[in-house]
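If you want the building blocks of each chain, they are given just below.
There are 2 protein chains.
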Amino acid sequence: MCGCLRSVYNAIMQQKQLTLVGLGLMGGSLARRLSQQGYTIQAIDLDKAALAQAHNDGVITAGYTSLAACGPDINWIILATPVRTILSQLADLPSLFPAGCWIMDLGSTKVDICRAMEALPRTFSAIGGHPMCGKETGGYASSDASLFDGQTFVLSPNRRTSPPLRAAAQTLVGAVGARPLEMSPSDHDAIVAYTSHLPYLLSAGLVRSAAGAAQSEQNLWPVSASGFRDTSRLAGTNAAVMLDILLTNREAVLAALDAHAEELLAVRGLLEAGAEESLLAWLEAAKNSYLQYRREKFDD
Amino acid sequence: MCGCLRSVYNAIMQQKQLTLVGLGLMGGSLARRLSQQGYTIQAIDLDKAALAQAHNDGVITAGYTSLAACGPDINWIILATPVRTILSQLADLPSLFPAGCWIMDLGSTKVDICRAMEALPRTFSAIGGHPMCGKETGGYASSDASLFDGQTFVLSPNRRTSPPLRAAAQTLVGAVGARPLEMSPSDHDAIVAYTSHLPYLLSAGLVRSAAGAAQSEQNLWPVSASGFRDTSRLAGTNAAVMLDILLTNREAVLAALDAHAEELLAVRGLLEAGAEESLLAWLEAAKNSYLQYRREKFDD
Chain A
1 MCGCLRSVYN AIMQQKQLTL VGLGLMGGSL ARRLSQQGYT IQAIDLDKAA LAQAHNDGVI
61 TAGYTSLAAC GPDINWIILA TPVRTILSQL ADLPSLFPAG CWIMDLGSTK VDICRAMEAL
121 PRTFSAIGGH PMCGKETGGY ASSDASLFDG QTFVLSPNRR TSPPLRAAAQ TLVGAVGARP
181 LEMSPSDHDA IVAYTSHLPY LLSAGLVRSA AGAAQSEQNL WPVSASGFRD TSRLAGTNAA
241 VMLDILLTNR EAVLAALDAH AEELLAVRGL LEAGAEESLL AWLEAAKNSY LQYRREKFDD
Chain B
1 MCGCLRSVYN AIMQQKQLTL VGLGLMGGSL ARRLSQQGYT IQAIDLDKAA LAQAHNDGVI
61 TAGYTSLAAC GPDINWIILA TPVRTILSQL ADLPSLFPAG CWIMDLGSTK VDICRAMEAL
121 PRTFSAIGGH PMCGKETGGY ASSDASLFDG QTFVLSPNRR TSPPLRAAAQ TLVGAVGARP
181 LEMSPSDHDA IVAYTSHLPY LLSAGLVRSA AGAAQSEQNL WPVSASGFRD TSRLAGTNAA
241 VMLDILLTNR EAVLAALDAH AEELLAVRGL LEAGAEESLL AWLEAAKNSY LQYRREKFDD
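Protein sequence lines correspond, in order, to chains A and B.
Going by our numbering, the first residue of the first sequence is number 1, and it counts up by one from there.
Going by our numbering, the first residue of the second sequence is number 1, and it counts up by one from there.
In case anyone wonders, no lab produced these hints; they're calculated from the structure.
Each hint should be verified, as a subset may be incorrect.
Identical chains share a label here; the pair holds if one copy fits it or two copies do between them.
Below 35 Å or equal to it, Euclidean Cα-Cα: the simulated DSBU-like pairs (lysine-lysine) are [stated by the list, open to error]: (1) K16 with K287; (2) K297 with K135; (3) K287 with K48; (4) K287 with K297; (5) K287 with K135; (6) K16 with K48.
Please build the complete structure, drawing on both the sequences and the hints.
Take a look at the structure:
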């Protein structure tokens, strides 16, 4: 093979040889789907049983308990750990891989991570990623090759993103069945404060306050119905994962909490005053916003 | 047939001859299931098309647009209208049916309704009812014979409840596939403030505040995922129905809103201060409450 062809061949192969850090719900689901699509994946996780299971499933070709253990011959690292772990791993990469490599992440906030990516040496190329899907259960045992099907997958190119990595990331997103959507880190974080972090906190506050009421109302849980089931679901999310998310998106989450509190303060006032017409108008505007969301998201 | 046997026969037949007021989601679903179980149902609704459809479906034997139109020979009325309509219908019953009859309702709050039942003349026997299920879509078109399957169905006996009606109500709840749970009107209303009305208001406030943010973030709806979908679902509930519910459960709803606001104020303070350990403890307590709820409700 001449040098030119070899370089093209290497470039193509590089795009399908992944080193995946974190074999939980997100990483595990990604590995399951990509291994079906011809990608070769070695994985890093502290959980040896998960590594063994994934190897047994034919999902990964090798498993290690640290990045340092898997040797320097690495093309493309996908970081699928909690946000602040990603930040600490990004800081470690230059000394582990002085020759550089491609980096992508699946972290739930993007501003801090993309800022850390931009601080990497120029031997690295890096792009932020965030698949907009999840479950309230975690771990490789919950992973699912179809998790990303039809979902939006945000990509945040930044000053450290090379054109080939940007194209390969788009290809990877398509390979897991998702729709790529490029977005700046700050737009992403402002949006998920409303669509993900605020709903989580409302859900967590709901179960905490309901649990308080359940201490004097013994039938509270049996009487709860499907509305409570759905509204409380996010409270089951892993607390350590949410801690990282909230701490790395603090300003946007505080703003979303305040906007929501203002809404509830308004409806509380209308209800207390028995201001029937204004209260109905508030409720109807909520329903109209809901219908607008359903139209724009689901073509309802 | 001797008088004694006729009286027993009449008592048994009475329990399966229903006059259903309101052929929406709840009334329509009840009628669908009970008509399969040997009950004979005549229905009252302002929507003639829904009456015609239900008659065509074999779900009702006759349809009228007012209680006054269906004649005085009535055994058991089920009121399946919004709460304040039920209150006004209860007030009309003594003049419409001076000989009295059995009354049950399916209203979403119970204190005001059971108080109005207790104010009926002694010729009436009445019991409060509330099936703990629903959908965010309404109307006979959304009704479903399996809506009540396995769900809790609260019954609120009160001073106007006779033993035969109490037993017949239990039988009816079993016939729709639900589990009867007797509860005082005030316990019921205190509980649903937390399990139903608070989740609704949180959901409505969520879509209102997210819609505000969407005005400057054009990708907000596309980026939203399943967490937002589930947490926002209740905001699609009929606003006029919710207005009645909130206005007839005002004190309990205000208390639940305040308890929730206190939780969110606490977590907001921890997040703003970056109080990592206390924030994690708050999130973990929420998850533990969620797991407790899932164990007690679903044996998870």
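Hints versus structure:
no.: 1; hint: K16 with K287; result: neither (46 Å within a copy, 38 Å between copies)
no.: 2; hint: K297 with K135; result: both (19 Å within a copy, 20 Å between copies)
no.: 3; hint: K287 with K48; result: between (48 Å within a copy, 26 Å between copies)
no.: 4; hint: K287 with K297; result: both (15 Å within a copy, 29 Å between copies)
no.: 5; hint: K287 with K135; result: both (26 Å within a copy, 14 Å between copies)
no.: 6; hint: K16 with K48; result: within (24 Å within a copy, 63 Å between copies)
Checked against the numbered hints given earlier, the structure breaks only hint 1 and satisfies all the rest.
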